[in-house]
Amino acid sequence: MRLEVLKTYKIYIGGKFPRTESGRYYKLKVANKTIANVCQCSRKDFREAVVVARKAQEGWNEKSAFNRSQILYRIAEILEGRKTQFIEEMQLMGISKSVAEKEVVFSVDRLVYFAGWCDKYQQVFSGVNPVASSHFNFSVNEPMGVIVSFAPESSPLLGLVSVIAAQISGGNSSVVLASEKYPLTAITFAEVLNSSDVPGGVVNILTGFRKELVEHFSTHMDVNAIVYCGTDKKEIELIQKNAATNMKRVSIYADKEVLADEFENPYEILKLQEVKTTWHPIEKIGGASPSY
Amino acid sequence: MSKKTKDKNWNYSPAPESSSSATIEKRYNLFINGKWVKPSNGKYFKTINPANESVLSEVAEANEKDVDIAVKAARKAYDKTWSKISAKERAKYIYRIARMIQERAREFAVIESMDGGKPIRESRDVDVPLAANHFFYYAGWADKLEYAFPMRKPKAYGVAGQIIPWNFPLLMAAWKIAPALATGNTVVLKPAETTPLTALKLAEIIQEAELPDGVVNIITGAGKTGAAIVNHPDIDKIAFTGSTNVGKIIQQAIAGTNKKATLELGGKAANIIFEDAPIDQAVEGIINGIYFNQGHVCCAGSRLFVQESVYDEVIRKLKWRMKSLIVGDPMDKNTDIGAINSSEQLKTIEKYIAIGKKDGNQIFQSECFLPKKGFWCKPTLFENVAQSDRIAQEEIFGPVLAVQTFRTVDEVIAKANNTPFGLSAGVWTDKGSKIFNVTSKMKAGVVWANTYNKFDPTSPFGGFKESGYGREGGLHGLSAYLKFD
Amino acid sequence: MKSKNKIRPNFSLSKRVDQVGVIERTDRFKTRSIKTESKVEDLKTVLSMIDLTTLEGADTENKVRQLCTKAMHLHENYSDLPTVAAVCVYPTLVKVAKESLKGSGVKVASVATAFPAGQSTLEVKIADTKYAVDNGADEIDMVISRGKFHEGEYNFVFDEIATIKEACGKARLKVILETGELGTFDAVRRVSDIAMYAGADFIKTSTGKISPAATMPVVLCMLEAIRDYYFETGRMVGMKPAGGISTAKSALHYLVMVKEVMGEDWLNNHWFRFGASRLANDVLMQLVKQKTGNYQSSDYFSID
Chain A
39 MRLEVLKTYK IYIGGKFPRT ESGRYYKLKV ANKTIANVCQ CSRKDFREAV
89 VVARKAQEGW NEKSAFNRSQ ILYRIAEILE GRKTQFIEEM QLMGISKSVA
139 EKEVVFSVDR LVYFAGWCDK YQQVFSGVNP VASSHFNFSV NEPMGVIVSF
189 APESSPLLGL VSVIAAQISG GNSSVVLASE KYPLTAITFA EVLNSSDVPG
239 GVVNILTGFR KELVEHFSTH MDVNAIVYCG TDKKEIELIQ KNAATNMKRV
289 SIYADKEVLA DEFENPYEIL KLQEVKTTWH PIEKIGGASP SY
Chain B
32 MSKKTKDKNW NYSPAPESSS SATIEKRYNL FINGKWVKPS NGKYFKTINP
82 ANESVLSEVA EANEKDVDIA VKAARKAYDK TWSKISAKER AKYIYRIARM
132 IQERAREFAV IESMDGGKPI RESRDVDVPL AANHFFYYAG WADKLEYAFP
182 MRKPKAYGVA GQIIPWNFPL LMAAWKIAPA LATGNTVVLK PAETTPLTAL
232 KLAEIIQEAE LPDGVVNIIT GAGKTGAAIV NHPDIDKIAF TGSTNVGKII
282 QQAIAGTNKK ATLELGGKAA NIIFEDAPID QAVEGIINGI YFNQGHVCCA
332 GSRLFVQESV YDEVIRKLKW RMKSLIVGDP MDKNTDIGAI NSSEQLKTIE
382 KYIAIGKKDG NQIFQSECFL PKKGFWCKPT LFENVAQSDR IAQEEIFGPV
432 LAVQTFRTVD EVIAKANNTP FGLSAGVWTD KGSKIFNVTS KMKAGVVWAN
482 TYNKFDPTSP FGGFKESGYG REGGLHGLSA YLKFD
Chain C
105 MKSKNKIRPN FSLSKRVDQV GVIERTDRFK TRSIKTESKV EDLKTVLSMI
155 DLTTLEGADT ENKVRQLCTK AMHLHENYSD LPTVAAVCVY PTLVKVAKES
205 LKGSGVKVAS VATAFPAGQS TLEVKIADTK YAVDNGADEI DMVISRGKFH
255 EGEYNFVFDE IATIKEACGK ARLKVILETG ELGTFDAVRR VSDIAMYAGA
305 DFIKTSTGKI SPAATMPVVL CMLEAIRDYY FETGRMVGMK PAGGISTAKS
355 ALHYLVMVKE VMGEDWLNNH WFRFGASRLA NDVLMQLVKQ KTGNYQSSDY
405 FSID
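Residue numbers (my numbering), protein chains in the order written: chain A, 39 to 330; chain B, 32 to 516; chain C, 105 to 408.
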C-alpha cells in the first residue's frame, strides 16, 4: 500500500503561499479526526495582506474592464476543470457529495455571472446629469479600494467565491478570511486564482479565527470597506463601531443572502463602489450667437 | 479735456438689501405634528446676527422628551397618512413647497443672510434658488422611483432623523427633506443652533402647503438635541451633514442598531492649477473655491496646488483679485464676503491662522476694513506651505487658503490624494487628456474640472474616505432613503 | 520695416480662455449695485469716455457738424457736464469734424484701413490712414485683416498693424479686432496679443457693422489680455468696446469690470472709451432723472 502524500494548507498573500508569520495553526477535525493543520493567521498576516492588496488595487482597476472580465471567466474555467478535486476536498471536510457538487458548480456559474458584469455595470449605472448651467456633468462608479471580508462560515466555497467575485469584478482588491470550519477549499481556490491570470495581491485569502481578527479587520486605517457575513450581533456592532475610525463602508450579510441565487445582481458590485461626479464647462460659442 | 477725468479711489456706495420683506418672530416654538408647540422644559436660546451681534429671535430648545414627541408624530404620520397616499399626490405636495419657496425667495434670502452672515448676493443667487430647485427636482421623482432602480422594489424606511449644519441652512434642509419626502419617508429635522431661522420659515411654508401633520417636524436645539435624535430607537435613518468628528460619533452611536445613515462630512480639497490652464478663469476658480461663503464650505478648495512654472503669475493675479473682494455687511448687495458664522468658528479660524504663521508660512491678507461689531476674517492665503503643515491637513472651514507648488502630474496626484478626506477636488488645464487622467485619479466624490463649487439638484454630492458616505442630489440621492426587498 | 525689430511672441501659444468661466465672471459684475451717490459721478465719467460715432454711407458734412455740436454740448440744461472724449468719423469727414470741434478739447477719431471689411491692399490702407492723420485726426481706428488671421497668417496681421502704427505718427492707434468674426475667445485673446505687440495704443472690439459687437465677456477677455501685456511689458494699452452698448446701466457694468479687473488707472478716457452713438442720451436721461427724480422722455434730449 502506498503512503498518501498529505497537502500542507498555507495562506495566500500577494500571489504567494506563505505560512502564517506567527507559526500558529489550528487542527481541522472532522469526526474527531484531524484532517489538516490550518494556519491561524495573525494581525501581522492581515497587515501584510492589506499592504499588498493596496499595491495591487490600482493596477487591477486600471486594467480594461474587458480584461477583468476575461480574467474572472478564466477563474471559472480553471475551477470547472478542478471540480473533482474540490468535491473530494469538501467530502473530506464532511460534506455530502451532492451538496459538494452543487457548491462547486454554483461557484463556477457565479464567477461567470460576475465576469459578465465587469464591462457592463458602469454602462448601466453611470450617467450624465442634466445640470442647469453650461456644464457637462457625469457620475461614474469607482471601486472603493481595499475590501476586507469575513466569508460565510457555513459555506466551503460558494460564499467565498461570491464575496470575492462581487468585489474584484468592480476593480477592488480583496482580503478575505475563509470559513473557519471549511478552510481547505478556500486555500485550494487560491491555487485556482493563482493560475488564472489574477495579478498577485488582488485577492488574498487568510485562514484563522474570526474572533481574533475581527478587531484588526475593522480598525485597520488603510481599509476602505468591510464585508461581514454572519449574524453575531456583538461582532456586527464592534465592526460598525470600529469602522468609524476611518469611515470604512460596512456591508452586513446573513450567509444565506450571499449563497442565494438572488446574490447574482449588479447591486452587489455597486455596494462596493463610490460614485464620482465630474463637472466640466461646455463652451457655447456660435460665431454670431448672442451669448458670445 | 483733462488727460484723466477720473482718478479718485472709486468705491461702490452702500446698497443694502431691505430687511422689510422679512418677518422674524420674537420667539419660535418647535414645529411638531403640524403645530407650533412649546418646548417641554420651557427653555429658549437666542440666535444672533453674526454681522452685528444683535439678537434676531429666540428659539426653543428641544430635549429628549420633545424629540420623542416629534418622532412619534413622524411615525404616526408615516403609518397613518404619508405611506398611504399615492406617490402622485406626494409629488404634488413637494412641488407646492418648491413653488412657495420661490414665491418667498426674497424673504428667505434676507433671513438667511441675517441669521448666518452670508452675503445677500449668495443667499439670493445660490442658496434660495437651489433650495427651491431641489424640491422641484425631487418632487418629480416621487412617482417614478421604480425607474431609478432597475429590477428592484424600492420602499421607504419610515422615519428619517436629519441634522444639518449652519453653512447652508435652508439649502441643507432642502437637500435633506426633499428626497426624504419624495421617497415616502417622514422627517424630524434639526437645523444648526446658530442658524435655525430659515428652517423654521420653511416650517411655515410646510404648514401653508397643507402637508399632512407630522410628515415634517422641525425642532431646534444644539448638540444634545441632535444626539437625542440619533439615539431615538424609533428612527430608521439618520442623515447628517457636519464635521467628521461628529459623523464618527454618530456612526458609533448607531452601531449595532438597524438604523441606516448617510454622512456628509468634512473636506480638504485640492484645487490644482496646471501651467496650461486658462489662468484668469483658474484664478476666479480659486477665489470661488475658497472664499465662497466665507470658506464655510465642506468642499472648499482649501489646498491650492500651482505648477511651479506659472506660480508667480497665478499668485500675482490671485492677490490682485483678493484685493477686489468686498468684505462687510452681508446685507449689502455688493458684499462678496460676509460675516463668519459665529464667534466660536472665528476663534477656530484665528487659531489656524496663528498656527500657519507660527509654522513660518508666508501670509497674505487683502487689506480691507472690518466692522467693529460682529465676527470677521480677512481673505487669507499662506504661501510656501508643505503637506506636513497643519493648515494643509486640517479642515479650517474659513477663508484661509494653503498654497503649495508642484512639478509633475504624478506628484500632484499623489499630494492631492494624500489626505484622509475625499469630498472634492478641482483641476485646471486646457488639455483634455490630462483632465481625464487627473479627474479619474482623484479620490474624491465631486471633481470640478475648469470650474469649482458648482451645485445642482441633479448632480450627486458626497465623499470618499473620511468625508462620509452616501450621496445627496440626483438619482443617487434617492437610494439614501430607500430600502430594497 | 520697424516691425521686424518688435518682440513677436509665438501667438499660437497665446493664453487659453475658458468661455463659461468668462461669462460667470461678467455675470458677477452685473450684480454690482451702484447707488445714488456714486452713480452721478459714474454717469459723468461714462459721458467723458464716449467716442460719439457716425459711420454711415449717408454721412454728410452737415450731419458731422451736428454731431460735433452734440459732442460739445451734451445737454445744455444740465450744467457741469463733461464733453465726450472724441467724435469718430470716416477719413473724408475728419476735416469738418476738426474744424467744428476746434478749441473744445474733443478729439477727432477716424476709422481707416478700408473700414469696415479691411479688404484692400496695404498701400490703400496706408494712404487711408495718412489722409486721415493729415486732415487732423488725433486717433485712428483701424481694422485688422480677419481673413488673414483665420488663415493663420499672424505675421501678416502683425506687420500690417505695425505699419499702420508707423503711418499714424503722433495719432493714437486703436485696433479693431471685429470679435464677432473671430469665433472663439481663444481667437479674441490671440488677436489682442498680436495687436498689442504690434504697437496698438487701444484695442477695440468691433466696427459696429457686425453682430455681436461689444459684449461684456469679450471685453473681459480683452482686458485680461491688456493686463497680461502690461505685466509683461509695462506698457499700458487702452480698451474700447464699440457697438451694442446703448444704456447707462450696461455702461456702468463696464466701469465696474474695468475697475475690478484693471484697477483705477484704466478708469479714465485716456485708457477706456465707449464707441457708441445712442449711449450718450440714455446716460443724460439717467443723470436728469437722478437730479429731478422723474423718469425722462427721449423727446427732451437732442438726437444729433
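You may find that some hints are simply not true.
Below, a list of computed lysine to aspartate or glutamate pairs in the EDC-like style, where the Cα atoms sit at most 20 Å apart [what the hints assert, rightly or not]: (1) B/Lys279 <-> A/Glu253; (2) B/Lys350 <-> C/Glu285; (3) C/Lys143 <-> C/Asp184; (4) B/Lys354 <-> C/Asp403; (5) C/Lys274 <-> C/Asp332; (6) B/Lys107 <-> B/Glu89; (7) A/Lys93 <-> B/Glu442; (8) B/Lys514 <-> A/Glu302; (9) B/Lys290 <-> A/Glu273.
Quick caveat, the hints were computed from the structure, so don't treat them as lab data.
Here's how the hints hold up against the structure:
Annotation: proposed proximity of B/Lys279 to A/Glu253 holds, straight-line Cα distance about 17 Å (limit 20 Å). Among the hinted pairs, B/Lys350 with C/Glu285 is inconsistent with the structure: their alpha-carbon atoms are about 34 Å apart, more than 20 Å. Between C/Lys143 and C/Asp184, the direct Cα distance comes to roughly 15 Å. Compliance with the 20 Å bound is thereby established for this hinted pair. Simply put, B/Lys354 and C/Asp403 have alpha-carbon atoms about 44 Å apart, too far for the 20 Å limit, and the pair is violated.
A distance of roughly 25 Å separates the Cα atoms of C/Lys274 and C/Asp332; the hinted pair therefore is violated under the 20 Å criterion. With a C-alpha separation of about 29 Å, the suggested pair B/Lys107 and B/Glu89 falls outside the 20 Å cut-off, and the hint is violated. Annotation: proposed proximity of A/Lys93 to B/Glu442 holds, straight-line Cα distance about 17 Å (limit 20 Å). For the hint pairing B/Lys514 with A/Glu302, the CA-to-CA distance comes to about 18 Å; that is within 20 Å, so the pair holds.
Only pairs whose Cα atoms come within 20 Å are accepted, and B/Lys290 paired with A/Glu273 is accepted, the gap being roughly 16 Å.
Violated hints for the displayed structure, listed by number in ascending order: 2, 4, 5 and 6.
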